[in-house]
Structure formats: C-alpha cells, structure tokens
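S.K.: Now for the letters of each chain:
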Amino acid sequence: MIPGSFDYHRPRTLNEAVGLLADHAGDAFVLAGGHSLIPMMKLRMATPEHLIDIQDIGELTGIDVSNGTIEIGAAVTQAALIASDALADACPILRETSLQIADPQIRNVGTIGGNVANGDPGNDMPAVMQALDADYMLHGSGGQRSVKARDFYEAAYFTARDESEILTSIRIPVPAQGHGHSYQKQKRKIGDYATAAAAVILSVSDGKCTGASIALTNVADTPLWAEAAGNALIGTDLGPNAVSAAVDAARAITDPASDGRGPSEYRTHVAGIMVKRAIEAAHERAA
Amino acid sequence: MNVQTPPSAEERVEKLQGLGSSRKRVEDARFTQGKGNYVDDIKLPGMLFGDFVRSPYGHARIKSINKDAALALPGVVAVLTAEDLKPLNLHYMPTLAGDVQAVLADEKVLFQNQEVAFVVAEDRYIAADAVDLVEVDYEELPALTDAFKAMDADAPLLREDIKDKMEGAHGPRKHHNHIFHWEEGDEAGASKALADAEVTVEELITYQRVHPCPLETCGCVASMDKINGKLTLWGTFQAPHAVRTVASLITNIPEHNIRVISPDIGGGFGNKVGVYPGYICSAVASIVTGVPIKWVEDRIENLTATAFARDYHMTGKLAATKDGKITGLHCHVLADHGAFDACADPTKFPAGFFHICTGSYDIPVAYVGVDGVYTNKAPGGVAYRCSFRVTEAAYMIERMIDILALKLEMDPVELRMKNFIRKEQFPYASALGWEYDSGDYHTAMQKALDSVSHQALRDEQAQNRAAFDRGETRKLMGIGVAHFTEIVGAGPVKNCDILGLGMFDSCEIRIHPTGSAIARLGTISQGQGHATTFAQILASEIGIPAEDITLEEGDTDTAPYGLGTYGSRSTPVAGAATAMAGRKIRAKAQMIAAYLLEVHEDDLEWDIDRFQVKGNPEAHKTMKEIAFASYNQAIPGLEPGLEAVSYYDPPNMTYPFGAYICVVDVDVDTGVTDVRSFYALDDCGTRINPMIIEGQVHGGLTEALAIAMGQDISYDEIGNVQGGSLMDFFLPTAVETPVWQTDHTTTPSPHHPIGAKGVGESPNVGGVPALSNAVIDAFAHKGLTHSQMPHDHWRVWKTAQSLGLTG
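Here the protein sequences come in this chain order: A and B.
If you use the UniProt record's numbering, the first sequence corresponds to residues 1 to 287, in order.
If you use the UniProt record's numbering, the second sequence corresponds to residues 1 to 807, in order.
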C-alpha cells in the first residue's frame, strides 16, 4: 500500500496546468480529490510519473446558475455541491446524489470533476450527468471543447478526454420547473460502490409523463443512459405497466460484472428495482 | 468551630470506585487524543524497514528467486529468502497447534500472499519498490480450495515437508491433507438415540471463513543489542510472555536475554495471539544487521495472510421426542485450517472447546468428531472474539434448535425452555465432559421475552405474513432468538496449556509508602480497559481508590508471567489472580494493623478501606495508614514493605450465558435486511464495571452483525482470495449498526474469587445465531429451514428467489 515515486506539481492557473500536462504527455495524471487515484497508486495499479494537483486553481471552483444553465467547476467538492442552495433549487438530484456518496469526510475532499472524469463505472455522478444531459468542458493545449456526458464514457477508466486535457467544468441545462427526480442506490455499506443505482428525471403534465430520462450506475463498464427506458415512460400515466416496461428496457442494456456485491444476474435484477423505485419517487415529487 | 464529619460508609465506598462502579476508562484520555503508543509509533535510531514479497499464487513451486535487481536498488540492505534462514534452522517455525509453518516459502507456496522473501531497506518506500524488483519464477500447481475435496484420493499433495509424517500432533493422519481427527462423547450412544428417536433433524451448517480485522494491523520492532546480547521485541502480541518463551526456544537466545513488550494494541480479537513470519524475519534481520528493524503489515496483508477465524463445516443431528424433549446430539465437523495448522487452541484441544456444543441444554447423550484438513488458504483458525471454537459450537446448536422447532411445529422459545438445564442442576456435568459452574437460564430467557414483548412480536409477524401474502407489503419480518452458554477463562493447568505452558495467570502488587499502588499482570489489554477494571477489583479488595492504582502489563522484564489476553480469560484468570494478590496484601495489612492498634488480629474486621476493632469502629487503621507503617515501623516478626504476588490456576472454566432476541425486516425484492431491534441480556456473573460491560457488548454485537450479514473470506478455485480488502470485507460503520439494547442478570461463578465470569466475547457468540435465526425465521413459514451465512443482500435475495417470492 505504498505508491511508487512521482513528481508533484501544484499549478496556480489553468494554463499552467495544461502546459504541465502537455509537457509530460502520457506520464502525468491530474489529481483532484484523489479518492480514486491515490488508492490506485497505493495498489500500484496507477503509476504516474507526474501528479498535477489542481486544487489551487481558483477558476475551477465556482457554481453558477444562470440563463437556464448550471455550470459547476471541476474542483467543486461534493460537500460544496450539497451546501449550494441555488443548485438544490434548480437541480435537486445533485444534492440527493451527493449525499449518497461515501461519508462526510470523503465528500469534503472528493470533487465533482474527479468523480465524472475518472471513468470509474462505480462513481455515482456520471449516470446523473447522463440523465441530465450534461456537457463536460475539456481544456487542452489546443483550446476548449465540450463532450456530452452521454458520449464521454468508452470503457472502465477510458473516456473521450485526451491525456493532455483537463475537465474544467460541467454544464447542465436546468431541468424543467416542477420536474421529478430521484437517485436510488443500493450498497452494502457506507463508502461502497453501488450494487446498482438509477437516476431518474421526469416531468408530468395533466397526469401524463411529458419527459423522462433514466441512467444507471455500476451495472456495466461505463455508466448507462437508458434511453429506451426513459422513452417507455413518455406519454404514459406512469402506471405499473409503463414502469414495468421501463424496468425491462433498463435491465436489457445492463452487463454487470459478478463481484462481491453479487452475481451479474442479481445486480441486473437490482438495477431494475432501483429504476422502479426511482421512477416512483420521481413521480411523487413531480409537480 | 469547624467540625469535620467523618465520611460515611457510602462515601468511602464511592471514593474507591471498586466493583460495580461505572468508572470512566483511564485509557481513553490518551486514546481519544491520539496519544496512544502503538508499535508503529516506535522510532529507534538507525531503524530499517522490512517488507514482504508475497505469492501471487495459491499453490505453486518456486523455481528460482533472483534478488539482484532488488539488491542493486540504493537503500536496500538485504533480501532474505528461505535459503538464508535454513542455516539458522528458522525457515520453519513451530505453530501453537503442534505443526510447523514456513517463515519464508520453502520451494513451494501454499496460499496466495504467502511470505516468499523479506526485503530490508532504509525506508518503507524503498522497501516497497524493492519488493517489486525481486524476481520469483513460479510453476503453478493445482490448488485445493474446497475442504470437502481435501481428502479425495486424487487431491493434490500440499504439504511436501510432512508427506511422510503420518503421525500428527494429535494422532494418526488418514491422508496427506489430513491434519487430525479428534472426538469426544459417546458415538454409539448418540447414534442409538438418533435411531430410536421419534423425531430427528440433520443439517450441514457452515460457519464461513472470516477475519478478526483489528483496526491496528500486526507489526513489530526487533532490536538486537550486540553489546549485551539482548533482543528486544516490541509487537502486537496478545501473549507477550508466551512469545518470549517461544522466541527463546526457536532462536536459542536465553530467555533472560529476550525482552518482549506489547505497547498499546489497537484491537486483537484473536488475530494477535500467534507468531507470524514478520516477527521472525524482523528478529533475524536485526540480529544480522545489528540495527532495529520495523515491520508493519498493511490491511490487505492482514486480511489475507494473518490468522483467519472459523471455516467450520458442521453437520449436526438432533434426536427428540414428539413433544420436544431432546434425547441426543451427534455432530461432525470438517475443519478447514488452511496451509499450516496455526490454530490457537490449548494444546490438548485441536478443536478448542467445540464440545461446549450441547449449549444451554440438558442433552443426555452426545458425540462430536472433528477432522482438520489442509487447503491452499491462509493459516489461522483463531478465536475471533470468542473462546476457542465456542462461537462455532453455539452457532451450530442454536441453529439446530430452531431447525428442530420447525420440524416439531413448536415455537423455538418453547423448545428452548423445555430443554434448558435447570437452575438446580448446577454444577452441571455435560454429556461431553464439562462441568458448568452456575446458571439460571429460565430466568434469563423469561426476562428477555418479557422485555421485548415476545408474544406481541409473534402476533405482529403473523399479521405481516398475511399482509405479504395479500400483496400489501414486500417485506417479511423475522424474529431470532438465541440462548448461548460460553465457556471461557482457560484455564486449569491440569488440562489447559499452550506448548506446555500452563494457562494460569498472575498479578503482582506493590503498595507505595503513601498508600498508592502499582499492579502488574501477565495479561495485555487491546482495548478491554484492564487499567480501569483491574484497579477496581483491587480497590474493593484492598481499600485503595482505583485512581491511586497504576496498572501495568505487557513488558516481560517487569510483569509476572502469564498467558495473555484472549478467550475472555483475563477476568476469570488474571482478575482472580488480582483479587488473590489483593487478599495477600490485606492479610499482611491485618497483622500490621493489629500491631498498631495493640490488639489481636482476630479482634479486627475489614471495613471498606480499613481494619477496625470489632465493636469499636472508632479504633481503626486505614489502608493508607497501614501502608505507611509498613515502611517506617519495625514490626516484630514482619518484613518491611507491603507487596504480594499471586499466580492463579483456576479450578474450572467459567460459563457466562445470555438470551438474545433480534427482529429483522427483510426486503424480498432486494435482499436488503434491516435489524429493527436487538435485545441482549448477558449474565457474566459479578459485574466489575457496567459501563465497560455495555461497551464490550456493543462491540461484540457489532462484530456479530458483521459476520452474520457480510464477512466472508472466500477463495476461487485457483486459490485467489476474495474479499481481501475493506472494499469488500464488511466492517459495519455507525450507519449499518442498529441500536443495541442491553440488559443483564447476575449469577456469580461459585469458584471465582469475586464471582466474575468474563463478558468480552459473549455478544459475538450469541449475536451471530440470533441474527442468523432472525433472517431464516423471516422465511420459515415458506419452508426455509437453513441458509448459509453471510446473509448479505444477494444471498438473501437468492433465498427469496428459491422460495418463489421474488417478482
């Protein structure tokens, strides 16, 4: 449980960080909260020669809600997400999910950027970002670009981010007023990754579902946006048949590994239960 | 005028903070401020660091080891392998169970993460880098991870080192992977009871492999002083004196030249009883280099290479009459001991005290047979928060009772009540040879039933089941009852020894001139609060306030010899030694007081903190006055000073017991269980410190929850250990832990000087069956008789699925 040796860098500006990444292309990792990276280094499963710690870069720490868009800096901690009333107003699923990530000590240090950029399928925020149709802003020496959360994840720990880029912020379209939301996560204990989890965002008008988006955590080697599951709800009264169709559609796209949480078959089953409970909770909350 | 009222008797008792006082733990001032002094806090000049190269395979032949690259790394001082230890005859070490264990793998590795080479370097980082540079060439061999296949004709040969030694430490071995067969009781009688019975039940009950997982992992600092030839060993040792003796026997360093010190220990739970390769390698490296060596394992090493617990496959059979009177018990155990037999049991008992498995019940005839086998798993088999194999025994019988109750269609409580040993039967001779010292099971069980309103719970459960069947709820309610009897306080020297060392314990007391004292014991606290509670025993015995008594343990140069702390033996054995040493002090104090008061000794009586003249309490001498007199008066016929030492050999074990009731709600759609309530009534005899007892019960129940609901160290078919990190190994946090409701009855031990029985391990022994019984009870009406632990989410869901309950 002792990492190999590495050089530590602590840039003050984004440009400086991007420069360091370019200088050490392929040998440098970006360090944010470190809750995924440091254990990987201690197990020597990650062996970066350079660590670029972004916590002193002030431009990565803001939360802004304006003009129908939420922008969250990559270095914003889970604790800061929970504390933001503006976010809780505009997009309450972020607080709801953050409160289900590990424990307060970890949430004080863990960042939203690290959570979504790391590519660990066990992280909770990627599925939520897919459900919310967020964009990730990436900054490299060639400038800035954005990638949709729904297009970002390629395989476990493999993402659309180039090694020389830093994920600087997340932009989320503010969900419709009165939308219903829920993040349902089953885990063995505090601090564990989900056996399966589901994020649901939906809108209801005159008893009919007018929009629905569903995404799943830790039931494949990437987070899964369950497009068909969401579509199965739209236009329905969210009754048992519709819910059941959405559950079936969600289960159909899962491919979880068998692990200490249970065999693949069980985790697929739980994914469906989480989807069902998330739809029901979101429906109840929808105005 | 200033009239001083002398303190009342109540005030004097209060000031002592003796037996029965919920005195606050004196240890906590340093622990809660991060000022404890653990092994890893020890820093000596020039100290080097050791780290292990470990096997990635469960079973493989070592073809070659190349140290060159590691030795070339700047800062690396040495790399030890079995070849380096052979000339010293230290490549194997004796285990507590009469086997030998490889210190560093000799030609073969037998479990994943086995120690293969020991790297010594100037700091931990260099050592860890060097571990990666040691090149070991392996030839993988077929692994044996299923204990049931260990004695198959074609099972791989694991222990080549003893393949021709068919006489083991406990008799003949039947197969190259067989370790021992041990049995107790009347097999013919038990078989006949089963054949003649109106009702019989049989079940294979597995108690899975788990690990004590103390918060502080194992470690040591070895320092050889080449000038005076003295080896000092600081380490996480639950039995420092035994470690010194064993170290002397295997290194040939005279025992007086070895000093073993157990500093603060961050939990042991049996994991720190045995001797590990890290200790031997550190000592050897210090002897060779002449500088101190530190070795501290990490969490994965602790979970996968140091001593595990349980791994018992128990086939229980009960015979009974139709109206529920148990007429016989037959039990066979297949015991998976891993690659080396490193169980920590009294030497004569290779299956520990498993033959307490008749439990709280008056069973006329019984038999147990145990076969131990080798597998490609880590060695161990320690008493994880229980006396030797007692939690396995309690789990087996408490499950079997529930299974029998189902078959008889009788409430499990009624079946227990019907078969309990009655109060008037104590001392009770069990069919398997124990003499239970005292008990009152019916009273304890009834108090538990009344406290939780048991009948109301059963009524609620009936309603819940009906509602479930109507589709109104997806949760099932389970009620788990357990009534356990422990056997602790090993033990009488006539039948309990470890490697020939009798399992007595000791206490030495010195009273200082001003009336304060120091007491030293042969035990060592790992969080139990000895410095608090043993001072309380003494306070009541010698009338000196507990806060004026210093307790010291764990340094073999200063403490009297003792066998250490595990198996709930400290209070029954060392606590008794403390009381007896205190009585010796008091006896001498009485002579001094008689001299000072100019009366005959027989005219004096003891009163709280003083001797007073019978019928004239005004004429008295307090212990404080007597202490001073012992240092400044020339008393005819008496030596100066006031000291005593007692070595206590207990006449019998003690038999704590308890009644536990647990209510659990099971979500059949997910398998998630919620322990709604848990009531624990413990009878540990005389209660020394109720607050500490309650804390012990909370901790033991939490570990019981961990075992019953999640802990599992398993291996895949090629020998890869699963669940070897805290990501997977279940250590409950405050969030997962229910509110524990504690209660007690008090049935003193008749043979213990203060009537105390020991409590630290009872909650684990009783907690596991109560939790397991509750989960299984939730499904009992659907036909479930048994399901194996742990009752984690997916296994519970699988149970629900197999009963056709999942949607």
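I should point out that these hints are in silico values taken from the structure, not numbers from a laboratory.
Among the clues, some could well be false.
Heads up, simulated SDA-like pairs for lysine to any residue below, C-alpha to C-alpha not over 25 Å straight-line [stated by the list, open to error]: (1) A/Lys187 to B/Asp41; (2) B/Lys475 to A/Thr268; (3) B/Lys174 to B/Glu160; (4) A/Lys187 to B/Ile300; (5) A/Lys42 to B/Asp41; (6) A/Lys187 to B/Pro738; (7) B/Lys798 to A/Tyr157; (8) A/Lys189 to B/Glu160.
To give an idea of the interface, some chain B residues facing chain A are shown, with a C-beta separation under 10 Å as derived from the structure [claimed, not checked]: (9) Asp51; (10) Arg124; (11) Asp132; (12) Ser725; (13) Ser802; (14) Gly804.
C-beta atoms are modelled at their ideal positions from N, C-alpha and C, and glycine is treated no differently.
S.K.: All the hints need checking, so say for each whether the structure fits it.
M.R.: Verification of the supplied hints:
1. Distance restraint check for A/Lys187 and B/Asp41: the Cα-Cα separation of roughly 35 Å exceeds the 25 Å cut-off, and the hinted pair is therefore not satisfied.
2. About 20 Å separates the Cα atoms of B/Lys475 and A/Thr268, which keeps this hinted pair within 25 Å; it holds.
3. The suggested pairing of B/Lys174 with B/Glu160 holds, with an alpha-carbon distance near 15 Å, which does not exceed 25 Å.
4. For a cut-off of 25 Å, the pair hint linking A/Lys187 to B/Ile300 stands: about 22 Å separates their Cα positions.
5. This hinted pair checks out: A/Lys42 and B/Asp41 have alpha carbons roughly 21 Å apart, not beyond 25 Å.
6. Between A/Lys187 and B/Pro738, the direct Cα distance comes to roughly 17 Å. Compliance with the 25 Å bound is thereby established for this hinted pair.
7. Restraint check for B/Lys798 and A/Tyr157: not satisfied, since their Cα atoms lie roughly 31 Å apart, outside the 25 Å limit.
8. A hinted pair counts as satisfied when its Cα atoms are at most 25 Å apart, and A/Lys189 with B/Glu160 does not qualify at roughly 42 Å.
9. Interface hint status for B/Asp51: upheld, as the beta-carbon distance to the closest one in chain A is roughly 8 Å, under 10 Å.
10. The beta carbon of B/Arg124 comes within 6 Å of a beta carbon in chain A, closer than 10 Å, and the hint placing it at the interface holds.
11. Hint status for B/Asp132: holds, given a least beta-carbon distance of 7 Å to chain A, under 10 Å.
12. For B/Ser725, the suggested interface contact is upheld, since its CB lies about 9 Å from the closest CB of chain A, less than 10 Å.
13. For B/Ser802, the shortest C-beta to C-beta distance to chain A is roughly 13 Å, which exceeds 10 Å, and the interface hint is violated.
14. For B/Gly804, the interface hint is violated, the least distance from its beta-carbon to any beta-carbon of chain A being 15 Å, above 10 Å.
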